[in-house]
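Trainee: As a plain string of letters, each chain reads:
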Amino acid sequence: MRILGLSSFVPEQICDVIKFSGYQSERTISNYCGYISDYLSQVIEDDSIDGAVYPKSCDSSRGITSYLDNSKKFLHQIHVPARQDEYAIEIFSESIKLYKESVEKFYDAVINENEINYRNEIICKRNTDIEAIYDNLEGIHYSVYLKLMHDLQKMPLNEQLDYLKNNRSESVINNGKKVFLIGSRVTDMSIIEGIEQSGMTVVGDNITESKRFYSQRNVEGIGDIYKKIANSILSNRLSPTQNNFCEILTNDIFEISRKNVQGVIFLTQKYCEPYDYLYSVYKKALDDMDIPILRISISGTTSVANNRLLLEAFSEMI
Amino acid sequence: MEITTAQLQTKLVREYYKYFSKYAKGKKPEKKVAWVTSFTPVEILEALEIEYYYPESYAAVIAASGKEQNMFQTADKSGLPRECCSYSCCFEGCIIDEEGPRGIPPKPDVLIATNNQCNTLPNWWNILAQRYNVPLIILDYPGDIIPLDMARLYVDKQHMDLIEKLELLSGNKLDKNILEISIENSRKSIAAWSNIISHMPEMNMSEVNLFDAITYLIISRCKEETASLYNKMAEEIAEYPKSEEKLIKVFWLGYPLWYHPDRYLSEELSGCRISGSNYITWWNLDYCGDDSFEKLFHAYNFTFLNISQRARTERLTKLIEQSEAVGAISLINKSCKCDFVSAKNIDLPQVELEIDMIDRTYLDIEKARRQIVLLKEMICIE
Chain Z
401 MRILGLSSFV PEQICDVIKF SGYQSERTIS NYCGYISDYL SQVIEDDSID
451 GAVYPKSCDS SRGITSYLDN SKKFLHQIHV PARQDEYAIE IFSESIKLYK
501 ESVEKFYDAV INENEINYRN EIICKRNTDI EAIYDNLEGI HYSVYLKLMH
551 DLQKMPLNEQ LDYLKNNRSE SVINNGKKVF LIGSRVTDMS IIEGIEQSGM
601 TVVGDNITES KRFYSQRNVE GIGDIYKKIA NSILSNRLSP TQNNFCEILT
651 NDIFEISRKN VQGVIFLTQK YCEPYDYLYS VYKKALDDMD IPILRISISG
701 TTSVANNRLL LEAFSEMI
Chain L
2 MEITTAQLQT KLVREYYKYF SKYAKGKKPE KKVAWVTSFT PVEILEALEI
52 EYYYPESYAA VIAASGKEQN MFQTADKSGL PRECCSYSCC FEGCIIDEEG
102 PRGIPPKPDV LIATNNQCNT LPNWWNILAQ RYNVPLIILD YPGDIIPLDM
152 ARLYVDKQHM DLIEKLELLS GNKLDKNILE ISIENSRKSI AAWSNIISHM
202 PEMNMSEVNL FDAITYLIIS RCKEETASLY NKMAEEIAEY PKSEEKLIKV
252 FWLGYPLWYH PDRYLSEELS GCRISGSNYI TWWNLDYCGD DSFEKLFHAY
302 NFTFLNISQR ARTERLTKLI EQSEAVGAIS LINKSCKCDF VSAKNIDLPQ
352 VELEIDMIDR TYLDIEKARR QIVLLKEMIC IE
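If you read the protein sequences in the order shown, they are chains Z and L.
401 is the number of the first residue of the first sequence in my numbering; add one for each residue after it.
2 is the number of the first residue of the second sequence in my numbering; add one for each residue after it.
Any given hint might turn out to be false.
[Stated by the list, open to error] Simulated coverage check for chain L against chain Z, where a stretch passes if three residues somewhere in it have a Cβ under 8 Å from a Cβ of chain Z:
1) 77-87
2) 112-120
3) 124-133
4) 151-165
5) 328-339
Calculated directly from the structure, the hints in this document are not laboratory data.
Keep in mind the model is a prediction, meaning the values are calculated, not measured.
We treat Cβ as the ideally placed atom computed from N, Cα and C, and that holds for glycine.
With these hints in hand, go ahead and build the complete structure from the sequences.
Mentor: As structure tokens, then:
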């Protein structure tokens, strides 16, 4: 079973999936999110991938099935509720159950609840470990941390705890200007290198593979396991696709203030509308606080040199 | 004396715009105001005596008045880039500049957004919520991605929750009788509208009138006068001359071009006529069911843009057959990714034009011209 999973809404508790981390494609669909376009290409072109699981959470992800319909691979779309109340937990738990049944049917497998519970325990432990690293972000290189997160997310769940234990990041003294990073997945590591080489230190973030990956509440105790998982995933730092900008701003600004952040770097994918909309309110909130914000759009054609110039200028400004 | 089509249109338009700043003369609505997306269950708002306005529709009006480019610039300066949905950029510019062909709508007391059309609208409504600092209610419609009974339960709960919140906000109690009447009015409006568009393949109907006339189904579908208006229009259309046989019947797959005087690329389509369009059927909601909640569930959960590609293809195939079209113009709309894929699997000669329904500068007209010539050649060969 080699399922390519898109986004942190895919429940890890059900089975291992390969987390999509970027793929070079021609991006032939006009005005379509580059990230999802690359995802489609990998599912279609990569023979080692035999399935795809993805959310229905933004305009580009809504149409994924239409593009993959003829792939003859396992396809499953998960409904991600656009709310965060008890109704949302209930419907999301049903969606998770449907996903599990769909995997079982296609791969002729049985996924029992003990296994799901066991995986849930590992996830809880792993997230606690990541949180400890994140809390010490000022004492390590952010690029090292992010690479760790990327590598971790490529591994089967049962190897992740050991990997974290064996790959302790080396402590460093960061004297850079404190910046906060927000946006969709960092598919271009040269941006992070550019941030550090321009004399800035990332002291906090709200990006898919970091805060939005591990910050979910650990839900233990008795009760319906699917509801627990749903509750847990929905308690993660929110994505703008979940339509609660107010909560995103409240949480991020609290962290930005607490850490005395001097500037914010906002990463967007070209044609990723949820982040485009979030940016406009984020900018206003930061303008009111006199905190500069730099927006970098990651597209297939963005030049590394150009981003470097932007980052250097931003660093000088703050 | 019998009321005419023009009088009915004027009544509906006047009623809708009376509190827009250009006409209100400082007067504010007595009722609470909601800003809603196009597929909001407004029957509930009717039954709670809440006024409602449609920012998307107003963006189309702004484009039709030729003022959209200034609005885009204003929105861009405020941090909303031009790549975003043009409806939102256009409307944002309008409310920031406080300028529009009919002024600006009365400020909202509540914002209601649904995702049964796209996911961009709830994002846009989040911006509005920050601007006006008023409650935002998101209605999440799963469509056919999950089993029917689950979806029904989920949507019903949200509709009940919506009612509870709006009762608190407005201080009014939901009038179940008005709710039922409003649903019935919507159903009648849709039936009358369906009758009108059924004449499209054979009658000589003006495309601009048709694309503009659907506005009433969007902004006032549950008003009694809408069905009366459409019935009158249908009577008039039945008297129209038949369209010329020699014109090539083409299906328009996507939004009308609100900035264009004819709402489609008429100058490039000489020798052709639009005999069908999916856009004008989007609001043909199916209010089936035994009680109000079931009817609202069916109508708003299974909108055209919220169903799977397979179901969409089925609906579209039927529409194209009814239109008798021999070719299609499919719009790859910059502003609407959800409609991108509608034309997939349609077995008909077609061209895909990269276009925007609001931003007139987006289209590469030379390229479009070449594509349309090619389509005409394909149709003739076939």
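Trainee: Each hint needs a verdict: does it hold in this structure or not?
Mentor: Hint-by-hint comparison with the structure:
| no. | hint | in the structure |
| --- | --- | --- |
| 1 | 77-87 | holds (count 7) |
| 2 | 112-120 | holds (count 4) |
| 3 | 124-133 | holds (count 7) |
| 4 | 151-165 | holds (count 5) |
| 5 | 328-339 | holds (count 5) |
The structure shown violates none of the earlier numbered hints.
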